[in-house]
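As you go down the protein sequences, you meet chains A and B in turn. Going by the numbering used here, the first sequence opens with residue 1, and the numbers climb by one from there. Going by the numbering used here, the second sequence opens with residue 320, and the numbers climb by one from there.
These aren't lab readings, by the way, just hints derived from the structure by calculation. Treat the numbers as computed from the prediction; the structure is a model and nothing was measured. It is possible that part of the hints are untrue.
Residues from chain B shown here face chain A by an in silico Cβ test under 10 angstroms; the list is partial [as the list claims (entries may be wrong)]: (1) 435; (2) 447; (3) 448; (4) 695; (5) 697; (6) 708; (7) 853; (8) 857.
Some chain A residues flagged as far from chain B (calculated, every beta-carbon gap over 10 angstroms) [to be verified]: (9) 9; (10) 196; (11) 248.
Every residue, glycine too, gets a C-beta built ideally from N, C-alpha and C.
Single-letter residue listing:
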Amino acid sequence: MEILKNPNFNFLGTARYVVIVSVILVAGGIYAVASGKVRYGVEFSEGTQLVLQFQTTPAVDRIRDAVAAVSPGAEIQTFGNLADNKVRVRLGPQDREAGGGGTDPESDLEAAARAALAALANDYADNAVIESSAEIVGPTVGAELREKAILLVSLGLIAQLIYIGVRFKGGVWGAGAALAALHDVVVAIGVLTFFGYEITLNVIAALLTLVGYSVNDTIVIFDRARENLRQRRKVPMTELLNDSINQTLTRTVITSGTTFLALMGLYVFGGEVLRGFSFALVVGTIVGTYSTMFVAIPLVGLWYARRNKPAAPAAKAAL
Amino acid sequence: MSPDLQNPMVLWLILTAALAGLTYAFVRKELRVRVLAYGAFLIACGVAIWPPYEQDGRPGKIHLGLDLRGGIHLVLEVEVEDALNATVDDAVATTREQATRQGIEFGRVQRTDPTTFAVEGVEPARVKDMRDILRDQFGGTWQVQAAGEDGFKVQMTDIYQRQLRQQTVDEAMRTLQRRVNQLGVAEPVIARHGSTGDQILVQLPGVTDVEQAKRIIKTTAQLALRLVEDAAPSEETLLQSVGGKVPNDMEVLTGSGDSPGERTYYLVRREAMATGRDLKNARVGVDENNRPQINFTLNPTATDRFSRQTGRNIGRQLAIVLDGSVYSAPVIQSKLGADNRITGTFTTQEADELSKILKAGALPATLRYLQELTVGASLGRDSIRDGVRASVAAMAFIVIFMLVYYRLSGLNAVIALSANLLIVLAALAYSGATLTLPGIAGIILIVGVGVDTNVLVFERIREELRNGKTVRVAIQNGFDRVLTTIVDTHLTGLIAAAFLFQFGTGPIKGFAVTLVIGLVANVFASYFVSKLLFEWVLGKRHVEKLSI
Chain A
1 MEILKNPNFN
11 FLGTARYVVI
21 VSVILVAGGI
31 YAVASGKVRY
41 GVEFSEGTQL
51 VLQFQTTPAV
61 DRIRDAVAAV
71 SPGAEIQTFG
81 NLADNKVRVR
91 LGPQDREAGG
101 GGTDPESDLE
111 AAARAALAAL
121 ANDYADNAVI
131 ESSAEIVGPT
141 VGAELREKAI
151 LLVSLGLIAQ
161 LIYIGVRFKG
171 GVWGAGAALA
181 ALHDVVVAIG
191 VLTFFGYEIT
201 LNVIAALLTL
211 VGYSVNDTIV
221 IFDRARENLR
231 QRRKVPMTEL
241 LNDSINQTLT
251 RTVITSGTTF
261 LALMGLYVFG
271 GEVLRGFSFA
281 LVVGTIVGTY
291 STMFVAIPLV
301 GLWYARRNKP
311 AAPAAKAAL
Chain B
320 MSPDLQNPMV
330 LWLILTAALA
340 GLTYAFVRKE
350 LRVRVLAYGA
360 FLIACGVAIW
370 PPYEQDGRPG
380 KIHLGLDLRG
390 GIHLVLEVEV
400 EDALNATVDD
410 AVATTREQAT
420 RQGIEFGRVQ
430 RTDPTTFAVE
440 GVEPARVKDM
450 RDILRDQFGG
460 TWQVQAAGED
470 GFKVQMTDIY
480 QRQLRQQTVD
490 EAMRTLQRRV
500 NQLGVAEPVI
510 ARHGSTGDQI
520 LVQLPGVTDV
530 EQAKRIIKTT
540 AQLALRLVED
550 AAPSEETLLQ
560 SVGGKVPNDM
570 EVLTGSGDSP
580 GERTYYLVRR
590 EAMATGRDLK
600 NARVGVDENN
610 RPQINFTLNP
620 TATDRFSRQT
630 GRNIGRQLAI
640 VLDGSVYSAP
650 VIQSKLGADN
660 RITGTFTTQE
670 ADELSKILKA
680 GALPATLRYL
690 QELTVGASLG
700 RDSIRDGVRA
710 SVAAMAFIVI
720 FMLVYYRLSG
730 LNAVIALSAN
740 LLIVLAALAY
750 SGATLTLPGI
760 AGIILIVGVG
770 VDTNVLVFER
780 IREELRNGKT
790 VRVAIQNGFD
800 RVLTTIVDTH
810 LTGLIAAAFL
820 FQFGTGPIKG
830 FAVTLVIGLV
840 ANVFASYFVS
850 KLLFEWVLGK
860 RHVEKLSI
């Protein structure tokens, strides 16, 4: 059984049109970050998040009324399947001080959570909370973690850029792979924000994984190009790169396809805790595969085309 | 499974032997040697994870993380200043005691900041003696400077300060360890956290009574027996006697009054006659009205001092102060000895907890909560169920696809994937690392990488076959050509995982751990095991067609 027989698509030729999509998506991603539309998870932004399991189906409106009385601005959402009777309550940092009334906001982290639970026990007594999970983050930890996350993503990318640059004896290869990966992260953040997902610690892990995935995908095709370069020295670089994409296309389709479907399984069945994480990875598989063919490889092609005459033999590449 | 295999020593021997066999096989390269060594290694992995989860009361080998089995995750900051203050206060007390013993008259000795205290108004004739006392007592670790004609400024050296900070955090960790042990938590984690050096991470998996656990950890349990100067029902009346201002060596504390809801204000000496550090033992008892109380025993040195001081202050009130609030303030009837008690309005449970905490020792400083995560046990169970369901669905889909698309060679891929998973789980079980929800996700990702490796190899073999190569050559070329690609992709993957590992935070670290193990295991399983399977099945026969 074969999916594609001797594919021969002109990827590099169409890249200049397809790249418009990238420009729009990247612009959207940058806009989301710059305009502050990105929502950070509780671990990055200080505050309290409760997941409460109720005896019977919770009435979100009544919970909202009860909690809002003690901490205005609280966000209440059903969590997971309706049948699980779970609700997520998010309390901001200012609510905690109001609940605690203490002078030092960190002296009693739990005050807001306690106040909210007490309010529920009072005003929504007919449906008791049978189990609760809480995540409470003080201001110091939140800020520290956010800085660390940005730092680690940047350092991770730079390290991979250097590795690829060294392996392929040419900075443009490393830069192409790293730019494509960066493109993926920005697009993923934009898409996540557009669909209302928060950037949590788990999502950061997913973004880093997607960097690895994207780079992985790029390297497979780069490797093929390197092999072709050794054998077919007379062929122009652009044609050679395009052939490399086509030669590995079946593998790309199968790997991306199975990974995509496996991650879809995680997204659908993985439960609420993994929802944001798996969504980021699902988006990442699509964008990561796309960016290899339409961002990383065309960038390398463009570089050699600009440096030499358009039809210059690939033998002059720095390999 | 025989009980012997549960023994970590035996396990270690088995795994080491299996690894040695593997190394040998890599050197010898003979087919039969490789088959035996690979097989033995995988069987050893199987032994290492058995039983994977709790069965018949025997604990499972795979440790589940907090998010999967419920429990508490706390990040605490040690208020190191507290400990510095306490050390300076001790030094102040020693100075007073020594000076009095030698009959030196002085105006005041008091703490001026967390690392310094000042001696003022020493009688001119004995300034030199005072300096000698200070030099003797605090020579190496403090700096003694003259301040004016008749005073001194004594400050901790920087090295001593750093040492104290370090000691304080260490002591806090030891105290927490003792307290957590009394909670009976299996596999607690108490570790340094963060970059500043004064944060502690506490993880208590499987704890059901979250409230009790938090109380036991949170209570500083600084016990102090301090002399009461005055007591009054309100702060204003209390301060009238001292002219409206609290003297430097005293402070105002509150405690519950005689009738419920009423509070009493006490003006107490800052200096304590005895503290929690002087305790030898503490336990629950009952008072004459059959109400719970806490009996405690002082150690011999403290008893001496305490007896002397109480003997001098008969008829005055002694405040029993726990974490800044006065539990009771009995009048000293006679010279007191080693055995004393704390009365108050406790429930039996409160008294029991408190005595445990006192026995485990006070924290050297207050703890501040920076982060807290509690997961209810059944919420954790739901997460496992969802995670496992998703993994099974993903695996089933991949197995079916590989079998349909690559036929018999697909079976090869399925075996390689299973070997990969087995190694990852064995490494988790063996190293005692915990499996978290992101860890499960990491495993799914590893399956994806494993599929990629197999697909790369198989597609390459097909390509070689299309170019007219024989089966044997096609397989050899397929594996050879793909090796550089696999090395490149796995190394970049490891680079990413190394950065994730730096996070040092539970869930992401779990993800990074599984990723690292998985990537290494995948090279072995999807490349070496898979290649061996091809060679083994082909044998020395002549093969015309390959089922791929």
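Taking the hints in turn, this is what the structure says about them:
no.	hint	verdict
1	435	violated, 24 angstroms
2	447	violated, 45 angstroms
3	448	violated, 44 angstroms
4	695	holds, 4 angstroms
5	697	holds, 6 angstroms
6	708	holds, 5 angstroms
7	853	violated, 18 angstroms
8	857	violated, 22 angstroms
9	9	holds, 17 angstroms
10	196	holds, 20 angstroms
11	248	violated, 8 angstroms
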